[in-house]
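J.: One-letter residues, chain by chain:
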Amino acid sequence: MTIFRTAPSARSGLSRRTLLTLLGAAPATAALSAALPGGFRARAADAQLNIYSWPDYFSADNLAAYAKKTGVTPNISTYDSNETLFAKLNSPAGAGFDLIIPSSSWIQQFAAKGLLQELDHSRLNLASFDQDLLNRDYDPGNKYSIPKDWGVLGVVYDPEAVGGEIKTWEDFFKAFEKPEVSGKIRLSDSGWETIGPQLWIEGKDWNTATSDEIRAAGEKVKALAKHVKSFSGLDPNAVANGSIVLAQTNQGTGRAIIGLNPKLKWVVPGPFSELWVDNYAIPKNAPNLDQAYDFLAYQLQPDVQLAETQYIGFPAALAGLEEKLPKDTKNADLIFGGKDLDFSKLTSFVVNPDTIGTYLQVQTEIQAAAG
Amino acid sequence: MTTPSRSSLSARSADHVVAAIPAAWLAVFFLAPLGFTVVFSFARSVFGGVELAFTFENYRTALTGFNGATFLRTIIFAVSASALCLAAAYPVAYFLARHTGRRRAIAVVLILVPYFSSFLIRIMALHMLMSRGGFAETVLNALYLHGGPLDVLDTQTAVFIGMVYAYLPIAIVPLFVVLDRIPKPLLEASRDLGASPLKTFVFVTLPLSRPGVATAVLLTVVPMLGEMVIPRLLGGSKGVLMGQAISSQFLQSQNYALGAAMAVLVLLAVGVMVVLLARLTKGFAEIGQ
Amino acid sequence: MSARGVMGARWGARGTHAALAIWYAAAVLFLFAPIFAAIVYSFNLGVVNKQTATITGWTLQWYPAAWNDLSLRRSVESSLIVAFWSALISVLVGAALGYAIVRHPLARARAVLAALTYILLIVPESVIGVSLLLFYAETGIPLSTATLVAGITPMAIAVVALIVRARVLTLERRVEEAAADLGSSRAKTLWFIVLPQLAPALAAGVIMAYTFSFDNLVVSAFLTTPQINTLPVYLYGSLQYGPSPAVYAAASVVFVFTLSMLGVAALIYRLARRPQSAD
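From first to last, the protein sequence lines are chains Y, W and G.
For the first sequence, position 73 matches number 73 in UniProt numbering, and the numbering has no gaps at all.
For the second sequence, position 195 matches number 195 in UniProt numbering, and the numbering has no gaps at all.
For the third sequence, position 157 matches number 157 in UniProt numbering, and the numbering has no gaps at all.
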């Protein structure tokens with residue numbers, strides 16, 4: 001039995017064809033016009049520089065000035081995590097990059113896999129650098145990396161809701177169960193940043209803790225997970241308006257939050273906390289080595305470092321940077337992690353293949369327990 | 001009925017060409033790479049690589065304890081989100097197919113236009129609309145549907161809203177395409193035989209729209225199984241789902257073998273779903289012949 | 001049926017129509033709200049170069065900022081190019097697949113192709129991404145726009161195939177047989193009889209393929225190179241440190257641009273059709 005008519009009616013056929021034309025034409029036109037500026041883009045003869053970085057991580061003015069001075073416009077591609085950067089460099093997709101920005105935690109893994117080349121220090125001038133940020137555990141002698149900018153793990157909180165001052169990670173975890181705080185907490189999505197504080201409370205080092213110790217500390221954090229609202233990237237607004245009253249975050253976001261709501265407080269709790277450093281590094285087979293060193297020399301000039309700091313909101317590793325900032329910079333001390341930041345109480349995490357799986361697995365379980 | 005044996009040689013060659021184009025393309029750009037994953041799922045993992053082997057250890061890890069629970073929760077979540085999405089989409093598709101008359105093209109385009117802006121940006125904007133002091137709070141307060149600050153962000157509800165938002169057009173399109181093909185005379189015949197509109201819908205329209213329903217379910221469930229952006233932006237990254245778990249095995253733990261095994265399991269789970277859905281449309285395919 | 005019953009049915013029909021219309025309008029509003037919000041927020045001052053949910057002040061600065069951010073601008077260009085090629089290839093290959101699933105003379109070929117389509121849809125994207133990366137590594141094929149497009153197409157092809165398949169299922173086979181009986185070759189029948197009937201499904205397929213490709217995040221993240229970086233990869237990366245309002249400006253421009261292209265295409269089509277519609 002036939003139950004379907006076959007020929008579409010003339011009228012609906014027309015309207016469908018209109019639709020088809022509409023839909024087909026738009027992408028074609030869009031792609032065509034998108035291809036045009038590429039064709040016109042000026043390219044200096046042979047000179048090229050391919051950077052792989054976090055998005056929006058270089059001052060646009062500095063880049064433009066560099067392009068004007070040298071005729072080379074840096075090509076910047078972007079990634080969303082060190083893990084993506086690692087996976088990419090560890091594959092053919094990583095070929096062709098001249099400069100990358102790995103974080104302190106991953107430098108050793110990159111080097112161990114042979115993904116980085118040793119830096120030629122005769123071509124770099126580190127004289128103006130803050131000595132606190134050179135020669136750190138994650139890369140002794142800065143063999144593979146030089147710091148671009150840095151941050152600390154701290155806490156932003158509403159003193160009224162918390163009902164007092166937070167000085168240590170113990171105070172931080174104790175506040176979870178207060179009715180005004182429960183359900184309004186943000187924790188980091190990185191395993192070592194949620195479990196690390198518990199390890200420090202127990203007097204352990206997050207880089208030498210065994211898998212069992214990590215798991216034991218993680219279980220304690222997991223028991224508190226039901227109070228947590230979010231593990232995602234922090235919207236400064238959510239803390240400023242009280243949706244979140246206690247949050248682990250970095251000083252850059254902390255400064256944005258306090259800029260919105262000065263009643264809130266920033267603290268880097270004791271006994272220890274994290275110092276992370278994002279670094280310039282050069283991949284093993286970088287095709288444009290001279291260009292990479294040329295760009296680095298440009299970036300490391302003090303006035304360029306200053307402009308970078310003002311643009312990205314995280315401090316470059318320039319000595320005496322705080323005094324060089326304009327006097328009217330709002331909450332300038334927060335750019336540097338607060339007034340009395342003690343570098344001897346900061347430790348940098350180093351990814352270790354033996355324990356990183358435990359950190360990640362327990363973190364996943366903590367996040368699941370919160371849902 | 002014509003049988004294939006009656007077709008001429010040239011007829012067959014045209015059909016073979018039509019089939020060979022996608023088969024060849026997909027064999028190279030999809031099946032060959034996928035082979036790696038299946039091989040990896042039986043391999044032994046080392047950090048950032050694998051040692052070829054034949055072990056079921058990865059599957060055991062993937063199916064027990066925490067990973068097994070995640071697997072189950074993901075399936076329940078995706079199926080319910082897909083059902084919700086379909087429930088919202090069906091009336092829209094029905095309206096488009098039956099009630100829009102001459103303005104149909106515009107009505108359909110309106111549903112699809114949002115798709116021309118970036119998915120991530122739309123979810124990021126949805127996040128801001130739903131945040132405290134945002135637009136949704138203002139509207140709900142003005143309508144007396146809600147009093148005071150709105151704290152829907154970082155909850156399961158927000159994730160469901162986001163899922164329906166993101167996949168609504170994907171569900172509407174196949175439903176519309178099929179509903180649109182149901183001939184009017186058939187519906188008129190049903191009415192002439194004394195069936196109420198409700199009865200006509202339940203006994204004629206709904207059964208005939210089964211291929212559209214099956215397609216819509218598939219098109220929504222599968223991406224929902226792997227969805228990572230919406231739980232992160234709207235759900236506060238709580239209650240980990242399979243998509244996140246797999247990608248974290250591949251990227252963060254660099255445990256390719258376990259990630260591959262989890263992926264193969266998801267593949268099997270959806271395979272079961274496909275068989276069930278194929279049953280749903282089977283009778284229909286036969287009518288088409 | 002009594003007069004009253006007929007009246008009741010008519011009121012019922014009207015009520016149904018109204019309810020459906022309201023539902024449709026609500027759906028459209030829901031779908032558009034975040035887009036309008038994104039446009040509004042592209043004029044928001046934000047805090048320290050970051051977007052905020054409360055409007056902190058109005059500014060036009062993000063539009064030039066977005067234009068001056070070369071990596072953002074290039075990511076938009078790349079996305080448009082990749083989406084265009086991917087949509088083109090996917091609609092051709094996908095339509096062939098969708099048709100063959102239903103109409104291929106050999107039952108076994110139909111079954112294999114159908115299975116292939118479903119497998120395409122059920123493989124998580126991260127797996128495709130990693131697999132492709134390994135595949136290109138083993139085969140030594142250098143990454144480029146072409147490999148990115150090829151990597152994205154399988155999913156888009158599957159989507160097109162499913163839409164086309166649903167349509168072909170509702171087409172009557174007798175028409176094709178009648179054409180064959182009248183001496184039309186198989187290829188001619190496919191081109192002149194089948195293809196026009198598939199038009200609505202193809203249109204839907206092009207849109208879906210285009211948006212799937214434009215929005216593809218996971219596979220793209222694995223296959224981007226120094227030369228090719230797509231918008232979703234850029235946006236996703238920016239979530240870590242908080243996105244700048246400039247990305248909202250870029251997204252708004254892309255959206256308005258694409259919409260006006262649609263509008264221009266519609267206008268040209270209408271003008272071209274005018275003499276014809278006179279008869």
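Rather than coming from a laboratory, the hints here were simulated on the basis of the structure.
Since we're looking at a predicted model, the values are computed, not measured.
We treat Cβ as the ideally placed atom computed from N, Cα and C, and that holds for glycine.
One or more of the hints may lead you astray.
[What the hints assert, rightly or not] If you want a taste of the chain W side facing chain G, the calculated C-beta under 10 Å gives, among others:
#1 Leu-72
#2 Ile-75
#3 Ile-76
#4 Val-79
#5 Phe-119
#6 Met-128
#7 Ser-131
#8 Val-202
#9 Val-204
#10 Leu-206
#11 Pro-207
J.: The structure should be examined with respect to each hint, and the outcome stated for every one.
T.: Quick rundown of the hints versus the structure:
1. With its C-beta approaching chain G no nearer than about 17 Å, Leu-72/W sits outside the 10 Å limit, and its interface hint is violated.
2. Taken as an interface hint, Ile-75/W does not check out: its beta carbon lies about 12 Å from the nearest beta carbon of chain G, beyond 10 Å.
3. Given hint, Ile-76/W at the interface with chain G, is violated; its Cβ is 17 Å from that chain's nearest Cβ, farther than 10 Å.
4. With 10 Å as the threshold, the beta carbon of Val-79/W stays out of range of chain G, its nearest partner Cβ sitting at about 14 Å, so the hint is violated.
5. Among the interface hints, the one on Phe-119/W holds; its C-beta lies about 4 Å from the nearest C-beta in chain G, closer than the 10 Å criterion.
6. Because the smallest distance between the Cβ of Met-128/W and any Cβ of chain G comes to about 4 Å, under 10 Å, the interface hint for this residue holds.
7. Taken as an interface hint, Ser-131/W checks out: its beta carbon lies about 4 Å from the nearest beta carbon of chain G, inside 10 Å.
8. Among the interface hints, the one on Val-202/W is violated; its C-beta lies about 13 Å from the nearest C-beta in chain G, farther than the 10 Å criterion.
9. Because the smallest distance between the Cβ of Val-204/W and any Cβ of chain G comes to about 14 Å, over 10 Å, the interface hint for this residue is violated.
10. A least Cβ separation of about 15 Å between Leu-206/W and chain G goes past the 10 Å threshold, and the interface hint is therefore violated.
11. Annotation: interface hint on Pro-207/W violated; nearest CB of chain G at approximately 13 Å, more than 10 Å.
Of the numbered hints given earlier, the model fails hints 1, 2, 3, 4, 8, 9, 10 and 11; all others are met.
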